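Novice: Chain residues, written in single-letter form:
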Amino acid sequence: MAESSTRITARMRQDFVDIRALVMHPMETGNRRDAKNQLVPLHFIQRVQVTHNGRVVLDAQWSQAIARDPFVGIRVRGAKPGDKVALAWVDNKGVRESVETVVAA
Amino acid sequence: MKRRSLLQGGSALLALSAPAWPLAAFAQGVPSTADWNRAGFEAKTTAEAIRQLGSGTPATSRDILIDMQDVIENGARARIEVTSRIPNTQAISIVSDRNPHPLAATFTFANGADPYVSTLIKVAESGTIRVIVSADGRLHAASREVKTTIGGCG
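Sequences listed follow chains A and B, in order.
Numbering of the first sequence is given in this note's numbering, commencing with residue 131 and proceeding in unit increments.
Numbering of the second sequence is given in this note's numbering, commencing with residue 938 and proceeding in unit increments.
These are computed hints drawn from the structure, not numbers from a lab.
Keep in mind the model is a prediction, meaning the values are calculated, not measured.
Check each hint, because a few of them may be wrong.
In silico DSS-like links for lysine-lysine, alpha-carbon gap of 30 Å or less [unchecked claim]: (1) K1084/B with K981/B; (2) K223/A with K981/B; (3) K223/A with K166/A; (4) K166/A with K981/B.
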């Protein structure tokens, strides 16, 4: 889907890994009107999961009140450089995307 | 298209066979919308939204830290950072009282994730931002008053 894309970084800070993700997504509330004064339908990410070496560390449920092009930052203990971190999301239209990275030192 | 419907079918089966939400949520694989908290997210008042997060009235807590600006320049992108110091915090929910649907998000942590989240939310107008923490089956709450210069739910 051309209108969305996801980026993720995972970097070691002292004793935790700092995971940050940015998703390009319109997060439409259903209340906005377009140039032709038509309501733009509700379109938002409902569920986000982050895994560390395959184990779920964050399971998020979202509404349309998360800002357009969502950002999420979390911190995970017990991680080390080279570990795998992945994020997957699904929106209310059934669009899905997932990305993976490795923990940087 | 075929792959997507197969995936959704599988997730729905998983949700049906799982005994409770937290277990379904941590089932491996792709996230599912089957057990999304529809009643909570579609609630039109804060009181109703909080009822859909757990049982009992949340206890006011000083161990929930809400970092956000007092004056929000752009309500469409309000930064919020939440840290819970409550032992065994399982989930952090963010509620904006004056939004058409107050419950904005619920973040559930496991497997070494700190009870911390940083994100950007929409704040419709000046009012109260609440954070509800779920820990050991009990709810805890903290709140913050914010002013918005430009509202964010258009």
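Novice: Hint numbers the structure violates, sorted upward?
Specialist: none
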